[in-house]
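Note that the UniProt record's numbering has the sequence shown beginning at 1, numbered continuously upward.
Treat each hint with caution, since some may be false.
Here are the simulated distance ranges between beta carbons [unchecked claim]: (1) Ser161 x Ala135: 34 to 40 Å; (2) Asp98 x Ala16: 15 to 21 Å; (3) Pro18 x Ser72: 29 to 35 Å; (4) Pro82 x Asp31: 29 to 35 Å; (5) Pro18 x Phe69: 28 to 34 Å; (6) Leu73 x Val20: 29 to 35 Å; (7) Ala65 x Val20: 31 to 37 Å; (8) Ser156 x Thr133: 30 to 36 Å.
Simulated from the structure, these hints should not be mistaken for laboratory data. In this text, a Cβ means the ideal position worked out from N, Cα and C, and glycines have one as well.
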Amino acid sequence: MTGAGLAGRRRARKVAVPDVVRSHAAVERVDYQDAFAVPVDTSARDGAERWVRAVLDDAPAPLRAFLRFGWSLFGARLGPYPSPAHVMGWRIGENEPDHVRLEVEWTIGLRANLVLRALPTSVVLATFVQLDTRASRVLWPALIPLHQLILRYVLSRAARSDSSLAPHESGC
Numbered sequence: 001m002t003g004a005g006l007a008g009r010r011r012a013r014k015v016a017v018p019d020v021v022r023s024h025a026a027v028e029r030v031d032y033q034d035a036f037a038v039p040v041d042t043s044a045r046d047g048a049e050r051w052v053r054a055v056l057d058d059a060p061a062p063l064r065a066f067l068r069f070g071w072s073l074f075g076a077r078l079g080p081y082p083s084p085a086h087v088m089g090w091r092i093g094e095n096e097p098d099h100v101r102l103e104v105e106w107t108i109g110l111r112a113n114l115v116l117r118a119l120p121t122s123v124v125l126a127t128f129v130q131l132d133t134r135a136s137r138v139l140w141p142a143l144i145p146l147h148q149l150i151l152r153y154v155l156s157r158a159a160r161s162d163s164s165l166a167p168h169e170s171g172c
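Whenever a hint applies, use it, and build me the whole structure from the sequences.
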């Protein structure tokens, strides 16, 4: 199917977290997990890091600013941005051609991983969260609907433009 034929179907949908994706999580305990998948043409040849950068670094500037502000507001220990070792401030903890894991810790006692797995005909983006404090256990459930809405949007947006992914422009 051509990219144009897939364009209307390139919406991320919530899926069960595949075991092959879960195996790359680095949190000690998974208190929350979700995954979204989207059909694509070019995931295998583009590589996982390029995909996760397309999903997050190439999101609209106002959304990137909103995310970084929100993450910082809740105490995310973000790294530099842009950076070859970070994606939107999240540290690259594992980076292989078919998968990449981003990691961040919050001062409120929340640890999170985003794992992107690039398959031949789809991309899966999963979230794994460890909640270590009462504050994180109270805050995280309130953020889940917004988290899911944003991930579904940015993954769908990146997939719609996958046939025209140019070399990444962040200098990374």
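Comparing the hints with the structure gives:
no.	hint	result
1	Ser161 x Ala135: 34 to 40 Å	holds (37 Å)
2	Asp98 x Ala16: 15 to 21 Å	holds (19 Å)
3	Pro18 x Ser72: 29 to 35 Å	holds (31 Å)
4	Pro82 x Asp31: 29 to 35 Å	holds (30 Å)
5	Pro18 x Phe69: 28 to 34 Å	holds (32 Å)
6	Leu73 x Val20: 29 to 35 Å	holds (34 Å)
7	Ala65 x Val20: 31 to 37 Å	holds (33 Å)
8	Ser156 x Thr133: 30 to 36 Å	holds (33 Å)
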